[in-house]
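As given, the protein sequences belong to chains A and B, one line each in that order.
Our numbering puts the first sequence at residues 5 to 390.
Our numbering puts the second sequence at residues 3 to 258.
In short, the hints are calculated from the structure, not lab data.
The beta carbon of each residue, even a glycine, is placed where N, CA and C say it ideally should be.
It is possible that part of the hints are untrue.
Claimed, not checked - Here are the computed distance ranges between Cβ atoms for each label pair:
no., chain 1, residue 1, chain 2, residue 2, range
1, A, T93, B, I189, 23 to 33 Å
2, A, N231, B, K200, 53 to 63 Å
3, A, G96, B, N240, 23 to 33 Å
4, A, L137, B, P144, 54 to 64 Å
5, A, K358, B, I189, 31 to 41 Å
6, A, G96, B, S98, 23 to 33 Å
7, B, K236, A, E81, 21 to 31 Å
8, A, A123, B, P144, 55 to 65 Å
Unchecked claim - Here are a few chain A residues that sit away from chain B, every Cβ distance over 12 Å (derived from the structure):
no., residue
9, F245
10, L274
11, F385
What the hints assert, rightly or not - Here are the simulated DSS-like pairs of lysine-lysine, each with C-alpha atoms no more than 30 Å apart in a straight line:
no., chain 1, residue 1, chain 2, residue 2
12, A, K382, A, K283
13, A, K34, B, K123
14, A, K168, B, K70
15, A, K233, B, K139
16, A, K283, A, K309
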Amino acid sequence: MSNAQIEIQLIAALVAIACAIPGSFLVLRKMAMISDAISHSILPGIVIGFFITQDLNSPVLILLAALTGIITVVLVEYIQNTGLVKEDTAIGLVFPTLFSIGVILIAKNANDVHLDVDAILLGELAFAPFDRLLISRVDVGPKSLWIIGCILIITITLLIAFFKELKVSTFDAGLAASLGFSPTLIHYGLMSISSITSVGAFDAVGAILVVALMIAPAASAYLITNNLKRMLVYAISFGVFSAIAGYWLAHALDASISGSITTMLGLVFLSVYLFAPNKGVIAVLYREKQQRTEVLLLTFLLHLKNHTEETERHVNHLNEHINWGKVRSKTILDLALKNNMIQFNKNIVALTEKGDAFTTQAIDYIITNEDGQIEDMKDDFFLFRG
Amino acid sequence: MSQQVDKTKTEKTGAIAVQVDDLTVAYNYKPVLWDIDLEIPEGVLMAIVGPNGAGKSTLIKSILGILKPIAGSVNIYGKSYKKQRHLVAYVPQKGSVDWDFPTTALDVVTMGTYGSLGWIKRPGQKEKKEALEALEKVGMLPFKNRQISQLSGGQQQRIFLARALVQNASIYFMDEPFQGVDATTEIAIINILKELRKAGKTVIVVHHDLQTVPEYFDWVTFLNVKKIATGPVKDIFNDDNLTKTYGINYKVSIQE
Numbered sequence: 005m006s007n008a009q010i011e012i013q014l015i016a017a018l019v020a021i022a023c024a025i026p027g028s029f030l031v032l033r034k035m036a037m038i039s040d041a042i043s044h045s046i047l048p049g050i051v052i053g054f055f056i057t058q059d060l061n062s063p064v065l066i067l068l069a070a071l072t073g074i075i076t077v078v079l080v081e082y083i084q085n086t087g088l089v090k091e092d093t094a095i096g097l098v099f100p101t102l103f104s105i106g107v108i109l110i111a112k113n114a115n116d117v118h119l120d121v122d123a124i125l126l127g128e129l130a131f132a133p134f135d136r137l138l139i140s141r142v143d144v145g146p147k148s149l150w151i152i153g154c155i156l157i158i159t160i161t162l163l164i165a166f167f168k169e170l171k172v173s174t175f176d177a178g179l180a181a182s183l184g185f186s187p188t189l190i191h192y193g194l195m196s197i198s199s200i201t202s203v204g205a206f207d208a209v210g211a212i213l214v215v216a217l218m219i220a221p222a223a224s225a226y227l228i229t230n231n232l233k234r235m236l237v238y239a240i241s242f243g244v245f246s247a248i249a250g251y252w253l254a255h256a257l258d259a260s261i262s263g264s265i266t267t268m269l270g271l272v273f274l275s276v277y278l279f280a281p282n283k284g285v286i287a288v289l290y291r292e293k294q295q296r297t298e299v300l301l302l303t304f305l306l307h308l309k310n311h312t313e314e315t316e317r318h319v320n321h322l323n324e325h326i327n328w329g330k331v332r333s334k335t336i337l338d339l340a341l342k343n344n345m346i347q348f349n350k351n352i353v354a355l356t357e358k359g360d361a362f363t364t365q366a367i368d369y370i371i372t373n374e375d376g377q378i379e380d381m382k383d384d385f386f387l388f389r390g
Numbered sequence: 003m004s005q006q007v008d009k010t011k012t013e014k015t016g017a018i019a020v021q022v023d024d025l026t027v028a029y030n031y032k033p034v035l036w037d038i039d040l041e042i043p044e045g046v047l048m049a050i051v052g053p054n055g056a057g058k059s060t061l062i063k064s065i066l067g068i069l070k071p072i073a074g075s076v077n078i079y080g081k082s083y084k085k086q087r088h089l090v091a092y093v094p095q096k097g098s099v100d101w102d103f104p105t106t107a108l109d110v111v112t113m114g115t116y117g118s119l120g121w122i123k124r125p126g127q128k129e130k131k132e133a134l135e136a137l138e139k140v141g142m143l144p145f146k147n148r149q150i151s152q153l154s155g156g157q158q159q160r161i162f163l164a165r166a167l168v169q170n171a172s173i174y175f176m177d178e179p180f181q182g183v184d185a186t187t188e189i190a191i192i193n194i195l196k197e198l199r200k201a202g203k204t205v206i207v208v209h210h211d212l213q214t215v216p217e218y219f220d221w222v223t224f225l226n227v228k229k230i231a232t233g234p235v236k237d238i239f240n241d242d243n244l245t246k247t248y249g250i251n252y253k254v255s256i257q258e
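Work out the full structure: start from the sequences and follow the hints.
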């Protein structure tokens, strides 16, 4: 790997981490779309900042653009609070307006090669290593790397300091307010960080990828954990993985880096969506099938317990009486047998002691409506699942 | 008035826990609460009753500073809510939060300790111990590591109650704690509320089931945008006030 390649991957990875942190909270707050709005509407801020500073990497430009991000949020909330339109409509009104102001400003100054709409939408990570930061004429690395590094340090410091406040205000804003942690303050803090991160990442990966890096890793992480800290760790890991894998995909295909990273993010989400242990599509389908079988087994056992007369419990009669097909009856019979719930005596089915205990307890829980306890009980009694 | 309250504060008995003066709250120019004057004595278990849209939750939220009133003031033991925050615990409506949030029962209860910690400081062993004790009190200790979406409605409500208990407050505000819970949980919750009253705490509950008011509460406030009446259940919980509040001829058999 060349130095430039390492630098590009490093920048992409740091951008991914910086985006995944605020992104996780945006996803939990159901505000994913606001990151889309911010990342587009910072454009006029960047353009105006560029006119003033003539330097895309100036801190003044970053602050100016971040301010536009905050203005976006304020405008969206203002329009929403009039009660005339819903939040998604308000977002759809504000950001294209601001973005188009930026587009017009660029077009009016088209002679400037450094700012063009393509680069703003998609970024140009491949060029990032060419713009070096010189301190006393010593080359200390690409400017983008330093900018995103600084933003990342600020984000992580704030995350560690205010983790508890972010958590409580995201979960229960009312409680946060009553405890004295102003949800408004925390909200705008998060919006500021999202804006600054968007600006910092913008140059490297473009307006569209910023959104993908904020939302896709967080959404994937949300599907595989029930713990906020782990969700952040997973989101960061997915982001970094996609950033680096995306770079090599672009390398192999000779395609756009930001496009390849976004593709990787999509693939990561798709695999998590399909294969996540609890919430994944396949796991859900499997669990539904299992639950169906368990309900059938329970029905069968209850039937046996309810009927002492032998005619009701004869193997051949069971098919007719419970009104199940041959295959289903056989599956359930086998399952009950495997779990030692029933025994045969000359084709008469009877509950074993274990089966009787299980059924009694199940009836008890069904009557008292303790659904959760039935689930626990199944774990105790079932060795083999359907 | 407020000076009197300050004096009585030292003796506790007979003190006014919550005092609301001329409180008016409006959403988009439409008043939801109109000129509410309310004194809640210390140590009562009080129900706030009224029809839908009467402003019951709004009253609690504006006492707690979550909503900004357009007029009026609220005092907790004679001082503003901001200064007395540590004396107050709040149980919001169960539906007000996202129960799919990635967190456990224990973690939600621990959030109750955040107020005493203040900004930045993290909860430690002491806070965890307090949270576990509160979980024990509401009978939810076996579920401490459950993800909150895996809990039943009644269990979720108990978690909310435990979170308020851990705040070790003097005044408890609860927004419909009996909504969507089964009979067992309802009894468990009301027993805890009665214990709180026995310990000298003031408990204020937004309540919907008029039948249980005389059985559960000793104090009641009738609310319908304006305050209709407030006082001891045995004195004012009658058909007259119910009719004034609900606007239809209301008959409730009051158990003596």
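Each hint, compared with the structure:
Checking the proposed 23 to 33 Å range against A/T93 and B/I189 shows it is violated: the Cβ atoms sit about 46 Å from each other. The hinted window of 53 to 63 Å between A/N231 and B/K200 is violated, with their beta carbons roughly 38 Å apart. Distance hint check: the CB atoms of A/G96 and B/N240 are about 54 Å apart, inconsistent with the given range 23 to 33 Å. Separation of A/L137 from B/P144 is about 57 Å and conforms to the stated range, judged on CB atoms against 54 to 64 Å.
Between A/K358 and B/I189 the beta carbons are some 34 Å apart, a value that agrees with the proposed interval 31 to 41 Å. Range check, A/G96 to B/S98: Cβ separation about 27 Å, and the 23 to 33 Å hint holds. The hinted range of 21 to 31 Å is not satisfied by B/K236 and A/E81, whose Cβ atoms lie roughly 48 Å apart. Distance hint check for A/A123 and B/P144: the Cβ-Cβ separation is about 57 Å, which falls inside the suggested range of 55 to 65 Å.
The claim that A/F245 is not at the interface with chain B holds, since no C-beta of that chain comes within 12 Å of its own (minimum 20 Å). For A/L274, the shortest C-beta to C-beta distance to chain B comes to about 21 Å, beyond the 12 Å cut-off, and the non-interface label holds. Even its closest Cβ contact with chain B, about 19 Å, leaves A/F385 beyond 12 Å, as expected for a residue assigned away from the interface. A distance of roughly 20 Å separates the Cα atoms of A/K382 and A/K283; the hinted pair therefore holds under the 30 Å criterion.
Between A/K34 and B/K123 the CA atoms are separated by roughly 27 Å; this keeps the pair inside 30 Å, and the hint holds. Of the supplied pair hints, the one linking A/K168 and B/K70 holds, its CA atoms being roughly 25 Å apart against a limit of 30 Å. At most 30 Å may separate the alpha-carbon atoms for a hinted pair to count; A/K233 and B/K139 meet this at roughly 28 Å. Under the criterion of a C-alpha separation no larger than 30 Å, the hint pairing A/K283 with A/K309 is inconsistent with the structure, at around 35 Å.
Violated hints, in rising order: 1, 2, 3, 7, 16; the structure is consistent with all others.
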